[in-house]
Structure formats: structure tokens, C-alpha cells
Amino acid sequence: MRTGWYISAAGHFLLVLLVLFGGLFARERFAEVTVAEVSIITEAEYAALTPPEAAPETKTDAPSVAAPVEDAAPSAPAEDKAPEISEPSPVNVPETPDGSEIERPQPVPETAVVDDAPEIQLPETEVDGTSLERDVVAAPAPRIAPIPSIAPPQAETSPERVEDTAPDPDLPPEDVAEPEDASAPEEASDRIVTEAEEKRETAPASSRRPRSRPARPTRQADDTANAVAAAVSEANETQNTPSGPPLTGGETNAFRVAVGGCWVVDPGARSAGVKVTVSFSLGRDGKVASGDVRQLRAEGGDAATQRAAFQAARRAILRCQKGGYALPVEKYEHWRDIEMTFNPEGMQVR
Amino acid sequence: MKVLWFLAISLIVSTSTGLNAQDRSGPLRIEITEGVIEPVPIAVAPFIAENAAATDFARQITGVVASDLAGTGLFRDVPQSAYISQVADFNGEVAYADWKAINVEALVVGAVTLTSDGRIVVKFRLFDIFTGASLGEGLQFAGGTESWRRVAHKVADQVYSRITGEGGYFDSRIVFVEETGPKNARQHRLAIMDYDGVNVQYLTDAASIVLAPRFSPTGDRVLYTSYESGSPQIYELSVGAVSKRPLDVDAAAMTFAPRYAPNGRTVVYSRAEGGNTDLYKLDLQSGQRVRLSTAPSIETAPSYSPDGNRIVFESDRSGTQQLYVMSADGGEATRISFGQGRYSTPVWSPRGDFIAFTKQNAGRFHIGVMHTDGSQERLLTASFLDEGPTWAPNGRVLMFTRESAGADGQPGLFSVDISGRNLKKLPMSAAASDPAWSPILP
Numbered sequence: 001m002r003t004g005w006y007i008s009a010a011g012h013f014l015l016v017l018l019v020l021f022g023g024l025f026a027r028e029r030f031a032e033v034t035v036a037e038v039s040i041i042t043e044a045e046y047a048a049l050t051p052p053e054a055a056p057e058t059k060t061d062a063p064s065v066a067a068p069v070e071d072a073a074p075s076a077p078a079e080d081k082a083p084e085i086s087e088p089s090p091v092n093v094p095e096t097p098d099g100s101e102i103e104r105p106q107p108v109p110e111t112a113v114v115d116d117a118p119e120i121q122l123p124e125t126e127v128d129g130t131s132l133e134r135d136v137v138a139a140p141a142p143r144i145a146p147i148p149s150i151a152p153p154q155a156e157t158s159p160e161r162v163e164d165t166a167p168d169p170d171l172p173p174e175d176v177a178e179p180e181d182a183s184a185p186e187e188a189s190d191r192i193v194t195e196a197e198e199k200r201e202t203a204p205a206s207s208r209r210p211r212s213r214p215a216r217p218t219r220q221a222d223d224t225a226n227a228v229a230a231a232v233s234e235a236n237e238t239q240n241t242p243s244g245p246p247l248t249g250g251e252t253n254a255f256r257v258a259v260g261g262c263w264v265v266d267p268g269a270r271s272a273g274v275k276v277t278v279s280f281s282l283g284r285d286g287k288v289a290s291g292d293v294r295q296l297r298a299e300g301g302d303a304a305t306q307r308a309a310f311q312a313a314r315r316a317i318l319r320c321q322k323g324g325y326a327l328p329v330e331k332y333e334h335w336r337d338i339e340m341t342f343n344p345e346g347m348q349v350r
Numbered sequence: 001m002k003v004l005w006f007l008a009i010s011l012i013v014s015t016s017t018g019l020n021a022q023d024r025s026g027p028l029r030i031e032i033t034e035g036v037i038e039p040v041p042i043a044v045a046p047f048i049a050e051n052a053a054a055t056d057f058a059r060q061i062t063g064v065v066a067s068d069l070a071g072t073g074l075f076r077d078v079p080q081s082a083y084i085s086q087v088a089d090f091n092g093e094v095a096y097a098d099w100k101a102i103n104v105e106a107l108v109v110g111a112v113t114l115t116s117d118g119r120i121v122v123k124f125r126l127f128d129i130f131t132g133a134s135l136g137e138g139l140q141f142a143g144g145t146e147s148w149r150r151v152a153h154k155v156a157d158q159v160y161s162r163i164t165g166e167g168g169y170f171d172s173r174i175v176f177v178e179e180t181g182p183k184n185a186r187q188h189r190l191a192i193m194d195y196d197g198v199n200v201q202y203l204t205d206a207a208s209i210v211l212a213p214r215f216s217p218t219g220d221r222v223l224y225t226s227y228e229s230g231s232p233q234i235y236e237l238s239v240g241a242v243s244k245r246p247l248d249v250d251a252a253a254m255t256f257a258p259r260y261a262p263n264g265r266t267v268v269y270s271r272a273e274g275g276n277t278d279l280y281k282l283d284l285q286s287g288q289r290v291r292l293s294t295a296p297s298i299e300t301a302p303s304y305s306p307d308g309n310r311i312v313f314e315s316d317r318s319g320t321q322q323l324y325v326m327s328a329d330g331g332e333a334t335r336i337s338f339g340q341g342r343y344s345t346p347v348w349s350p351r352g353d354f355i356a357f358t359k360q361n362a363g364r365f366h367i368g369v370m371h372t373d374g375s376q377e378r379l380l381t382a383s384f385l386d387e388g389p390t391w392a393p394n395g396r397v398l399m400f401t402r403e404s405a406g407a408d409g410q411p412g413l414f415s416v417d418i419s420g421r422n423l424k425k426l427p428m429s430a431a432a433s434d435p436a437w438s439p440i441l442p
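Respectively, the protein sequence lines represent chains Z and D.
With the working numbering applied, the first sequence covers 1 to 350.
With the working numbering applied, the second sequence covers 1 to 442.
By construction, these hints were calculated from the structure, which means they are not laboratory data.
Be careful, since some hints might not be right.
Residues from chain D shown here face chain Z by an in silico Cβ test under 10 Å; the list is partial [to be verified]:
1. P27
2. L28
3. V78
4. N103
5. E105
6. A106
7. D128
8. V325
9. A328
10. L379
Heads up, the beta-carbon is just placed ideally off N, CA and C, and yes, glycines get one too.
Just chain D, with the same shape it has in the complex (with noise of 0.2 Å):
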């Protein structure tokens, strides 16, 4: 059998090969279609401190900067002891074979300078080292030395969008109801910080329970729940003032679940009465309302499309909670959960590509993702109780809210990346939920 074997081959191959002759002059044509997925390792030379003022804030800003990159769990930080030889001035030659002998593929270099007007001037480069070349050109940010973190995180945006040719989301923020006191007397307050858990401020007070706060798409002002007259009501908050004013809709009903929509301009809400709940948009200019949904069913927890033509919210008419899309404007909605459990608070992707979701099934919660069609659903989360997805602003990680079991149990704000990676915990001293991410500030 082999000797039959062997001779087909060599029949084969002989009249192959005068095939492979005639093709000799063309090039070795390979397709790669399994790489691997690990983090990329890059160095973040300590920034150089172009003045003696400038030193702890140089520092500090690389530390930012290593931080905001690794957090991601796209990049590995090469530790410093690794490095063969330093960075010590921010023009000087960059010696590729030391940083490519220890495996290093992206450089950055940066320098600080403290003016003496007291501003904070921050430059830096990206080398892509097995290229011998820069990634992009350089760059300075400038701003208040009380804003460096922002500057920091100025600077990993660049250096992450360079690299993997989307947008960053490390100069953002977290709008987030922080919550302490015991579990059967919490008390409840509106709170924001960087992405990072860093710079927690409060923009509300205790005195009554908030909930789901929203960011605008300018980020400059939050929409949330308020049960300060008794009854859940929707306030507008300006983030920069802290000033907030009741939304001009339905005083008498019970109103909650708003989500601005991608103009700013508009609102979309629930408004339950008599024992139906139904969505209305708010025009925030005019003041008119409009009934989007008729059903005799709770809908609730809208959320828009990036282009603001649909929404994607939930609703308990076929029996149990679904994800249903129907237009902007109201009328007929397509479910688009089929799956076993149930499923809730709706949130499309900046990209526009998926629609974020809790689930609750066979006792356990998970956050998810699925097309905005709803198919290719995948459960990136498991565990006690896991609920309220928002996006981060380049559509690449999740944020949640996760509460851990029994009487002691809190809540806290994770992450997860949307391939269902780099699960975190964000580090908070205090317990939190309903986060909401900000665009990226300006």
C-alpha cells in the first residue's frame, strides 16, 4: 500500500512540478489565519523633567500614562529594570537594538516642563521599534498643573489610538451613585471620576435616593432619577455649575430610565401610569412629548443607536423581559433576544456595532453583547449579580456594576473588555453602582 501511495505522489508531483516551474517567477504567497492574542509589550521611558519643578509631575505622568496603557490589557509594561539603556533626553537617538533586544515593539519618550506661569507642558513621541521609526509625530498638551492627570491620559489616548488605530478612552469619566450606610439603610449620591476611579467628586447629596445617572454626548451635563419629591423623577444636572432642574415632563407620573439621544437635544424616557409603562421623548427645547410606545407592557430602558434612527429598549410583552429595536420616532418594534433568561438594560454601542445587556438566567447574571440584529450573543460576565452595562466612548470596554452575595454583600464598578478579557475591579473606596461613561472630553 505504501509503495502504491508513494507512486501516486510521484506522479503527481513529476507533472506538478513542471507546473511550479512556470510559477517560479512569481513570489511565495502565504495567508496567515491564526496569530496569537497576548498583550503587546511596550516601554514607557520615564518622561524627562525638563526643569527641577518639573520632576514629581514627570513622574507621576509616566506612571499615568504605563497605567492607562497596561490597564487595557492590550499593552505589557516592560518594567524599567529591563531596559538596557535610558531615555535621558528627549531629542537623542533612540537605540532600536537595545529596546528590540529585550523585545520591546513601541517606545514612548516624553518629556515635562513646568512653565513659570504655572502651567504643565507635557511632549511626547511613539517609536515603533521593530521599524526603526516614529509612529506619528510628536506631540505637546499644555494645561493647569492641577490637570495633569488629564494631560496623562491625553497622552495614552494618543499613544493607544496610534497603535491599534482606534480611538482612546482614558481622558473620560465616570458618572456612578455612590452608595454606603447599611444595606437596609443606603444611602444614595451622585458622584464622578476619571475613568481610572481616581478624583471621585459628588455632585449630589444623600438626601435621596438617585438612580441611573446618564452623560450627555457633549458631557457636560447628566441626567439621572431622583425620588427627591417623593416619586422618581427625571433632574437635569450641569456637571460644571452642579446645577440640577426637574426635566419638564409629567410631574404626576412616575418618570425614570432617561438616555439622551445622540444630538443631545432630545431625551427618551419611561413613564409609568396606571400600571403600564411606556416610552416618551422629550424634546428639551420645546418641551413637546411624544408617546413612542402603546403596548400594555412595561417598556423601559431605552437606548439610541448612533445615529439616532432607533432605539433599543426592553420589554416584558411577550411575557418575560426581552430586547426589542423598533425606529425613533415609535411604531412597530422587532424583538431581538431569543434566548433562554431574561434579558434587560439596553445599551448600543458607540460603534453602533452591538448592543450591550444583562441577562439573568438559571440564577446567575451576565453582561453581554450581541449584534444590533441580535444574533451572535456572547456572555462576557458571570456571577452573583452583574447589571447595567455602559460603554466606554471607543466602544471597546464595558463597565457594570457588580454585587457580591450575603448580608455583607456591596456593590462595585468592574470592567471588561469586549472580547470578554481584562475583568477588573475598579479601586473605590466605596461602594458604587449605575456607572455611566463620558465621551471623550474635549
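For reference, chain Z alone in the conformation it holds in the complex (with noise of 0.2 Å):
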């Protein structure tokens, strides 16, 4: 029993010394490190580097030595992995009223409009060419001059001598030039570039090609709006509310997005002024219930300029459900009822 007491003594006493006198924790014990850059390569590498050495030749009456150890090739190192990216989350893309669904023609509805309008009486001018009497600047030219006028086109322009040839039939066709328009067609845009603020003729022949398509609006939920996503879908199942979850950010920048792609702004318009704000009700297949938009109020602009503003908003709340916006049924609770504001502030002329 003692005999365990007494080695522990002694192992303890030693070890006591031991750290005393030994050094055993003495500063110098940690002699510097020092440090070598080294390269890491690969085991055929180092093979290329190191070819094998012809065997040393060993004298008989040197003391046996026991064989060298192969000479092991360095490990290679580990290879080099590529740290772990999740693979992207496919985004939901929103279904965008495109149209394939078109109406079915619905029972049409009796005009019951009578047309009783009044004829409309117009104070007769000199110039009321809306009147009964025959207007008088639209009668026939008077020739008030004293003298004659000049006929107009034949002063300034060459007379065309004109090639009484019939076509050869062996030459090719002549390019026909299409008679061009005086204006340009008008395309979509979300901005205006004037005449003036169009660039020169010392733009560049040619142009880096274009980059791919953009992503769609729809998809501009970014990880913040899945993390949102995913914290809201979490957070609601731990609560159990019985409506759902609200609209994502990128749900409701969907539906804006969406609205918006049909809300025709004029910029010079007055009603461009006008900030209107409309109220209706969806249904579950993401249509406005009855077809009713009703405006709740307006801002700036006159009686007429209002109501066109809130026409051009209902006519993008309607003509851009087409078969329902896309818009996710377990929340419906949350978008049944809209409040929309069209506020073209940013669009108008100034």
C-alpha cells in the first residue's frame, strides 16, 4: 500500500528536480524556429528533380550498417479542394401575364347608349368651317393678289427629264426604295432621349457584342429576399398563423413590376402631374374581382387630368392581369385587397 506512496513520492521529488535543475521549462529549450519557404510539388516532380542515385559502394571492412530505408517519396499534398459553394437556388420565376391566355369572348353586353347627342352649334366665323355657311377660307383659294402667284413647286425644282424606256428584262430589279417615314416609330422605353441629346455621327461603327439577356425583373430576389423568404416561412411555421405568410419583397416588386409594364405614362401630359391612387379587390386566380378599380384620391392636376390618370392606372391594373397575375394562393389573405399608388413624378416632363 505504502509502496504506491513511496514511487509517487519519488516521482514527484524527481520531477520537482527535474524542473528545478533539469531546465525542463528553461527559455533556451525553444531555440527560434526557423523558417524556409518551400514549394510543394508533385510526386513526379520531385521524381524529375531527384533521379535515382546509383547505389553507394560499400568497402568490406566498413561495419555492416543496416540497409538504408528506401527512400520514401514525400507524400503528395493534399490536393487542393475547392471550397464547398451551394449550388444556386433555382428563383422562382413568377408567371408573367403573357397573354397565351387570352379571354374567352364573353357574352357582350347591350350598348344601351342613345345617341341623342346634341348637334353641336358653333358660332359662325370667318373662318367656322364647322358651320352651315360655307366657310370662307376653305372656298377655293382667292386669288387676292394683285398679281398672280407663283406656282409654287416648279421655281425651285429642276425639271425632271423623264426616259420614256421600257425596263430590260435581262438587268436585275431595281431596288425599289421604301418611301420612309417622316417619324421614327415610337418604341417602349422608360426614358426619353431627344434629338439634342442624341449622340453624333462620330458614334462607333461597330460595338462590343452585346451582353446576354438580362434576368428577368422577376427574378431580382437576391439571396437577402430567399433568406427573408426562408426566415418567414420558418418563422410562421413556428407561430402557426392561420393566413400565411405576408408577400416577399421580391413577391411584391413582382407584382409592381408586372402593373407597371402596362402603365402607359405620358411625360408631357399634365395628368403626368397627377398622382392617383386606386383601390380593388383580387380574386384567389389573381384577377380583379367584378373588373372594379375605384380611385380613392388624387393629387395635383385638375378635374380632367385626374380622371385621365386614373384611367391610364386602370387600364394597367386590367390589361396586365390578363389570366391573373401571379401571385402565390396560400397568401392570398395578404393580397386580396390592393391599394395602389401611380406616381409618375419621376417620369414627368419638367
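The two chains are supplied separately, each in an independent frame; assemble them into the complex guided by the hints.
Structure (C-alpha cells):
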């Protein structure tokens, strides 16, 4: 029994001595580590650098030594693994109203418009073309000039020589220039570039290949939105609310973009200064219930421009619904009733 | 980091979910700030001829109405080849679904009758396809057969007004200077035409140079400058009677650049004498003349504000041509143009919100607009020579003179929307300059 104590005491005593005098924790034991830069090479590269040498010649009188251990090649460095990147989760693309679903013709309501509009009585003036009297100005041009007027076109145009030649059937047909429209076709855009702002003819004749098609607006739900969506789902799972989670930022933005794509703004009109708020209800199919869009309020403009602004807003909502706005049905309670404000302030010509 | 980010969001969302739950009884509120700028697709269905004699008129009126609306750049006329259903009866039912299927937003339906006494009667209705209802009540216009284009313009004005909430400008006229002959011997005469370049009629002969015609607020008179007496003098011409008279201004001095006040009874103009040009106004009834400016510089191109209280004009009192605004009774003027280049020919918008002008800068001419205090200057055009803007009656469109470069260059009339879109040349057979837009005809 005591033997163990003795052994333990002796051991501890020796340990104390070793600590005190053996320099177990002496600073010099921790020699400064020399750092050398090394490069990691593969096994094949190493083999190429160090070709096998011929075995050293041994003398017979040399003390026998154990055969050298086979020079093991250094183990190849661990392969540099790329950090794991989670694959991007596919973003649900909300259905966009693309017109594929065209409403079947509905029974045509009877138009009960009575054409009893009064005939406009216009005051008779000297230039009144709609009065019953013959329009003085619209009459054949009175030659009021004491000197006969000059025929306008002939004076400036050189006489055209018309050659009465039959077309040669062997010659290829001439390219007939299409009559050029005086005005360039208008295209939908979200900004206006006036002629003064257009670049002059010094523009480069060629350009880089355009970038690939940008992501659809509804894909703007980024990681943050996804994280929010996931967090919302998780939070609601725990809360178990009956009406479901609210719309995510991405879903709301997709809805906003869908309506905005049909909202035609005339930047030069006075109605572009009117901010109008409308309300409407959507069915579960994402369509406006009964097509009923009501004006709640309007700011700016007079009655006529406010009416025009409201009509533009209503047309945008109804036109873009097509088969129904792509909204998550499970969140219907959150988007059943909607107040939508159309604010063209940023698009107005100032 | 992602984990931390996720946890932070989870915390925020979990706390805000409770708040959201409180709002669930309210509607979803969304603000839309960006729309699209594109023409509204409309359908002008062929007007129905209610008797055989009206067939040609119905076809022509349909064409003019469609051309008027599409010409604004605000509407796109859906071609008839795309129609699913046709309009055969003015009082018939509208197949809204058929029009909706081809994305028509507004439908114009009309009918034309030629009465036994030679009058033409045109009635129309406008339908909002997506709401399935008519936009306003049906209207009808009547007039002589020679006025069928005016009737068509009236219909187009109504359609434009009901959709945009603004007045139209189709039933209006342009007075301008037609130019013929080579550049070094050009002949000028006053002419008048519909706003779209049709029905050109001449008001003066080509015996003397005429310049800068201006309509009266009622559209029945025109002021212009003529060299008939050898030096520039202002004349007033009655459009209906095509008779002219010199204004009772100082015949010994050069007078030019006249323009009516909104009341139609006062004329403001420039008078040059002894190397100095100043602004004057003339009361047409009393003949009283009042000097409005006294600066030793050139003041010209005056234009009244719609309320008649202020005048914008150009002056070189600062060393270069700039724009100034002063009271209609004269007095101190405030400079409103401060950009680079020279500004000239200012014209106050009928809406009162903008001043249009000509600008010359860096070898190019521009038509531009700015607020009445000179802010928010925007240049709408750029070319070798653009000048002399005039406003459409509704203040939405500007017409101006554009002259091409070179010895064979000719002036022509162009129009542009106030937004800078829809720049186009009026189809005219001869060279033209100095346009002035009339008010909407009665």
C-alpha cells in the first residue's frame, strides 16, 4: 500500500528536481524556429528532380550497417479542394401575364347608349368650317393678290427628264426604296432621348457584342430576399398563423413590375403630374374581382387630368392581369385587397 | 458570415411577423413609380356610311381621324387587318373581348350621313375596352361637305381630349411663309393651311418680303411684317376677308416682330431707330403707343404670358442674346437664360408652364423649352438650323423651321412633342418657314 506512496513521492520529487535543475521549462529549449520557404511539388516533379542514384559503393571493412531504408517519396500534398459552394437555388419565376391565356369572348353586353347627343352649335365666324355657311377660307383659294401668284413647286425644282424606256428584262430589278416615314417609329421605353441628346455621327460603327439577356425583373429576388423568405416561412411555421406569411419583397416587387409594365405614362401630359391611388380586390385567380377598380384619391392636376390619370392606372391594372397576376395562392389573404398608388413624378417632363 | 446574416434576418423577421399580423386586416399597399412610354393602341373602326352618298366621306374621315391620333405619337392605330370583329352598326354591341384580344385599349366607332341639303353629319362614340364602357357620351358634328376635314379633326380632338384629359390641337391652322425660287432670289408669301399641312391657301402675293406672321387669340386675324413699303412695317390681315391694313405705328421707323396680347386688343412689337431697338405696345382701338424698354441694346421677339401680365423677349444687353422677362407694362427685366450659347425667339406656352426658344451653341441650332423662371432647360432638337418655335393650342407640341445645309438647302416645317419625341416633318410641296399656330377653331 505504501509502496505506491513511495513511488509517487519519489516520482514527484524527481519531477520537482527536473523542473528546478533540469531546465525542463528553460527558455533555450524553445529554440527559435527557422522558417524556410518551400514549394510543394508533386511526386512526379520530385522524381524528375531527384533521379535514382547508383547505390554507394561499400567497403567490405566497413562496419555493417543496416540497409538504408528505401527512400520514400514525400507524400503528395493534399489536393487543394475548392471551397464548397452551395448551388444557387432556382428562383421561382413568377408567371408573367404573357397573353397566352386570352379570355374567351364573353357575351357582349348590350350598349344602351342613346345617340341623342345634341348637335354642336358652333358660332359662325369667318373661318368656321363646321358652320352651315360656306367656309370663306376653306373655299377655293381666293386670288387676292393683284399679281398672279407663282406656282410654288416649279420655281425651285429642276425639270425632271423622264426617259420613256422600257425596262430591260435582262437587268436585275432595281431596288425600290421604301417611302421613308417622316417620323421614326416610337418604341416603348422608360426614358426619352431627344434629338439634342442623341449622339452625333461620331458614334462607333461597331460595338461589343451585347451582353447576355439580363435577368428577368422577377428574378431580382436575391439572396437576401430568399433568406427573408426562408426566415418568414420558418417564423410562421413556429407561429402557425392561419392566414399565412405575408408577401416577400420579391413577390411584391414582381407584382409592382407586372402592373408597371402596362402603365403607359405620357411624360409631357399634365396628367403626368397627378399621383392617383386606386383600390381593387383580387380573386384567388389573381384577377381583378368584377373588373372593379376604384379611385381613392388623386393629388395634383385638375379634374380632367385626374380622370385621365385614373383611367391610365385602371387600364394598366386590367390590361396586365391577363390570366391573373402571379401571386402565391397560399398568401391570398394578404393580397386580396390592394391599394395601389401610381406616382409618375419621376417620369414627368420638368 | 452567412450564418450570422441568416440569424440576424431571422430575428428581425420573427419580431416583425407579429407586427405584420396586426396589419393583415388592411389592404396591401403598393406604390408604382415607373411605367412605360409607348403609344396607346387604339382602333379607329371604319366609319359607317349611313347612306350611299356618304361612302367616300366615311372612308376619308376615318383616315383623317386615325392619322390625327397616330400622328401625335401618343397612339398607335391598330390596323384593320388585325380586327377580329368588325363594326357594322353604329348602335350595335361592342365585342369587347375581340378588341381586348388584340390589345386595343380604346375603340372609336363612327357613322357618316350626307343629308339631302348637302350637309355632312358625323357622329362617334369612344369605348374603353378594358373597362368595357364608353368614354364620354356620343357626339355628332355637322357642316358643309367642303368642311369634312374639319369635322374629322373635331372628332379626333374629342377622342384625344377624352383619353389624355387635355385639349386637342387638330382643328387648328398654321400661317406661315412659303418660299419659292433659288436661295439668292427667294420669293415669300403668306399662306395658311390645316395643322397637318393640307389645304394650303395664300394670303399675300410674292411681290414683297413677308416675315413672322402671328395669329390673333381668336384666329381670325394675322399680324406680320412686310417690306412692301421698302422698310419693315407691321400689317394686320383679316383671314376671312383676306384684307390687310398697316398698323398705326411709326412709319418712319422700322417696326417688326409683332405679337398679340391674349386679349387681342394690344400688340407688342419692336421698333428700331438710330441703331437702337426697343419694345413698344400698341392699343389697337385707341392707337396709343407705349414704350416698354429703354435699354441701349436690341430688344425684340416679345411674347406675352397667357395671363397677359408678363412679356418674355430677347435682348443683347448682356453682350449676347439672352432671354428676359418683364412686366407687360415695362420696367425692370429679369434675365432667365444662363446657359452657353445664344437664345432667341422665346414663346410663352399657352399652358403657361414653359417658354420655348431657339438656341445657338457650338455651331448647332436647337429648339428647347425651359420653365418660365429659366430653370429646367431642355433641348428638344439639334440641327444645322432650327428656329422660330410656335406652340400648339394645347401646349403639347412645337412647330418650327428647319433649314438644311448647303446651296440647295431649303427650309421646312417640323413639329416635335414637348417631351422631345415624335419629331417629324410636315408633308408640304414647297419650302416654308416662320410657322405660327392658330388657336383651336370654333
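Structure-based check of all given hints:
A hinted interface residue such as P27 (chain D) counts as satisfied when its beta carbon comes closer than 10 Å to some beta carbon of chain Z; here the least separation is about 4 Å, so the hint holds. Against a cut-off of 10 Å between C-beta atoms, the interface hint on L28 (chain D) holds, since the closest Cβ of chain Z lies about 5 Å away. With a least beta-carbon distance of about 14 Å to chain Z, the hint placing V78 (chain D) at the interface is violated under the 10 Å criterion. Satisfaction of the interface hint for N103 (chain D) is found here, the shortest Cβ-Cβ separation to chain Z being roughly 8 Å, below the 10 Å cut-off.
Hint status for E105 (chain D): holds, given a least beta-carbon distance of 6 Å to chain Z, under 10 Å. For the restraint placing A106 (chain D) at the interface with chain Z, the shortest Cβ-Cβ distance is roughly 9 Å, inside the 10 Å limit, so the hint holds. The beta carbon of D128 (chain D) comes within 7 Å of a beta carbon in chain Z, closer than 10 Å, and the hint placing it at the interface holds. Nearest Cβ of chain Z to the Cβ of V325 (chain D): about 19 Å, over the 10 Å cut. The hint is violated.
Of the supplied interface hints, the one on A328 (chain D) is violated, with its beta-carbon coming no nearer than about 25 Å to a beta-carbon of chain Z, more than 10 Å. Hint status for L379 (chain D): holds, given a least beta-carbon distance of 3 Å to chain Z, under 10 Å.
In summary, the structure is inconsistent with hints 3, 8, 9 from the numbered list given earlier, while agreeing with the others.
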